[in-house]
Amino acid sequence: PAATLDSLLKDIPRLKDLLLYHVLEGQVPSSEVVKLDEAEAMNQQNLYISLKGDNVFINEAKVTQTDIKAKNGIIHIIDTVLVPSAPTSVESVKKLPTYWGLIKNVQ
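With positions in the sequence shown counted from 1, the corresponding number in this note's numbering is that position plus 19.
Derived by calculation from the structure, the hints in this document are not laboratory data. Only a predicted model underlies this, so the values are computations on that prediction, with no experimental measurement involved. It is possible that part of the hints are untrue.
Unchecked claim - Pairs of lysine-lysine, DSS-like flavour, derived with a Cα cap of 30 Å:
no. : residue 1 : residue 2
1   : LYS35     : LYS88
2   : LYS90     : LYS35
3   : LYS29     : LYS54
4   : LYS29     : LYS71
5   : LYS71     : LYS88
6   : LYS54     : LYS81
7   : LYS35     : LYS81
8   : LYS54     : LYS71
Using the sequences plus the hints, can you model the full thing?
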């Protein structure tokens, strides 16, 4: 929707997080994707992979095309936008190395 797009364009960190939620590190062909239950996206959140019949799903998104070669990797097309969950307080702190080190030492 246009309102969602306008909102994202005004919140660059949120837009970046959304885009990174669609990217895995390295090149992962469909032959490897189907062997996975989950994978960590570049925004450090997990994506959950499942098979339903002959269909592959990433979270709730159905994979509609696979193994499209690009200059910098492999593209798999999905039928909906994946929306990352809001980070918990602990996840937010983990991104701040100084504070995370302090918390790890206290535990």
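Going down the list of hints, with the structure as the test:
1. LYS35 / LYS88: Answer holds: LYS35 to LYS88 is near 23 Å, not above 30 Å.
2. LYS90 / LYS35: holds (21 Å)
3. LYS29 / LYS54: Since the Cα atoms of LYS29 and LYS54 sit roughly 38 Å apart, the hinted pair is violated (cutoff 30 Å).
4. LYS29 / LYS71: At roughly 37 Å apart (the allowed maximum being 30 Å), LYS71 and LYS29 break the hint.
5. LYS71 / LYS88: Status holds; Cα separation ~25 Å.
6. LYS54 / LYS81: Distance ~16 Å between LYS54 and LYS81 Cα, so the pair holds.
7. LYS35 / LYS81: holds (22 Å)
8. LYS54 / LYS71: Between LYS54 and LYS71 the Cα gap is close to 13 Å, so the pair holds against 30 Å.
Hints 3, 4, counting from the list given before, are not met by this structure.
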